[in-house]
Amino acid sequence: MIARNAGTATNAKAVVDHVCYTIPNWDEAKVRAALKAKGFFEPTGRDGSLHVYDPFDYDVQFASAVQENAFRR
Amino acid sequence: MQAYVAQIVDDYKTGKISRRRLIQTLTAAATTVHAPDGAKAAAADPTLKVALVNHVSYTCPNYRQAADWYSKIFNLDQVGATERDVALPFGKKGEKPFGVTANDVPLTHLIIRTRDLNAPAQNSGEPRRKSRALVNHIAYTIADFDKERVRAELKRMGYANPRQDGEHSFHVVDVNGFDVQISGIEMTALTG
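So the protein sequences, as listed, match chains A and B. Counting with the working numbering, you get residues 1 to 73 for the letters of the first sequence. Counting with the working numbering, you get residues 1 to 192 for the letters of the second sequence.
None of these hints come from the bench; they were simulated from the model. All values derive from a computational prediction rather than experimental measurement. Treat the hints with care, as some may be off.
Said to hold, decoys possible - Below, in silico cross-link-like pairs of lysine-lysine (PhoX-like), each with a Cα-Cα straight-line distance of 25 Å or less: (1) B/Lys72 to B/Lys96; (2) B/Lys96 to A/Lys36; (3) A/Lys36 to B/Lys93; (4) A/Lys13 to B/Lys93; (5) B/Lys49 to B/Lys96; (6) B/Lys72 to B/Lys93; (7) A/Lys13 to B/Lys155; (8) B/Lys147 to B/Lys72; (9) A/Lys38 to B/Lys130; (10) B/Lys49 to A/Lys38; (11) B/Lys49 to B/Lys72; (12) B/Lys130 to B/Lys13; (13) B/Lys49 to A/Lys36; (14) B/Lys72 to B/Lys155; (15) B/Lys72 to A/Lys30; (16) B/Lys130 to A/Lys13; (17) B/Lys13 to A/Lys38.
Chain A extracted, bound-state conformation (with noise of 0.2 Å):
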């Protein structure tokens, strides 16, 4: 990821409305409580799939392999 400070202007029709990162050894409790440690109190989403908002109120997913795998939708 390239963080850059710039305009939000674009003609594109399309947006990238959130990416998902994987976190590997997917543990529901540590990863509630590691959030929670950051300031994000209250994720939304689901058991192993949890949405938090960056500073800028950009969508951040955190997924397991198993909630989030293109072969098992």
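Given the structure of chain A, go ahead and fit chain B onto it with the hints provided.
Chain B only, in chain A's frame:
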């Protein structure tokens, strides 16, 4: 840190978060900044260490058209199609992501969708927040990138003059005008 605190206070002022959440968040932030060594070690807790991008969620007016474009350009299969979305994994079923040996890291994939971003998110009664950030392009790594072969292939696909970005990448726009970068493995976080 100042910007983060200002953002949280602003969220409180505009009603996005409760007073309780404001206090909790600021307390957690202050604790992190002034943490003793033990707590700093906890901040380095590997629980959230990211292994790989799981998927990129791409929303557009016509997901079938966009999915076909990505399949054509990057030779990606389409799996798990529904009436509103489809997944395009970067590999075949049973394959592991490039360079990954762990068994619980799935293939990165695109999920190309058509949906109303003003509607509440799944499993959340709250409307989505309006982001002040955006992903303005995505760079894809091509194995065995050969500049002239890639240029010729792009030309064959209708991109007569792809924008070259350094020695190891090109930019084109997809069917929705979204910037797509196509790179060789020489394009890394350290080489830019």
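message: With the threshold set at 25 Å, check whether the alpha-carbon distance from lysine 72 of chain B to lysine 155 of chain B stays at or below it.
response: Holds, because 13 Å separates the two Cα atoms, which is no more than 25 Å.
- request: Verify the proposed pairing of lysine 49 of chain B with lysine 96 of chain B, using a straight-line Cα cut of 25 Å.
  value: Holds - the C-alpha atoms of lysine 96 of chain B and lysine 49 of chain B are around 19 Å apart, at most 25 Å.
- request: For the pair supplied as a hint, lysine 49 of chain B and lysine 38 of chain A, confirm whether the alpha-carbon distance does not exceed 25 Å.
  value: 13 Å, holds
query: Holds or violated: are the alpha carbons of lysine 147 of chain B and lysine 72 of chain B at most 25 Å from each other?
result: Measuring from Cα to Cα gives roughly 19 Å; hence the hint holds.
task: Quickly compare the C-alpha distance for lysine 96 of chain B and lysine 36 of chain A to 25 Å and report which way the hint goes.
output: 31 Å, violated
field: Pair hint lysine 72 of chain B and lysine 93 of chain B, alpha-carbon separation not exceeding 25 Å
entry: Holds: lysine 72 of chain B and lysine 93 of chain B sit about 19 Å apart, inside 25 Å.
message: Tell me if the straight-line CA distance from lysine 130 of chain B to lysine 13 of chain A falls inside 25 Å.
response: 16 Å, holds
25 Å Cα cutoff - pair lysine 38 of chain A, lysine 130 of chain B: The hint holds at about 22 Å.
message: What's the verdict on lysine 49 of chain B and lysine 36 of chain A, does the C-alpha distance respect the 25 Å limit or exceed it?
response: Between lysine 49 of chain B and lysine 36 of chain A the Cα gap is close to 15 Å, so the pair holds against 25 Å.
- prompt: Given the proposed pairing of lysine 13 of chain A with lysine 93 of chain B, does the C-alpha separation stay at or below 25 Å?
  reply: Violated - the C-alpha atoms of lysine 93 of chain B and lysine 13 of chain A are around 31 Å apart, more than 25 Å.
- prompt: Under the criterion that the straight-line Cα-Cα distance not exceed 25 Å, is the pair lysine 72 of chain B, lysine 96 of chain B satisfied?
  reply: Holds, because 22 Å separates the two Cα atoms, which is no more than 25 Å.
query: Taking only the CA atoms, is the gap from lysine 36 of chain A to lysine 93 of chain B under or equal to 25 Å?
result: The given pair, whose Cα atoms are some 35 Å apart, is violated under the 25 Å limit.
Hint violations for this structure: numbers 2, 3, 4, 11 and 15, all remaining hints satisfied.
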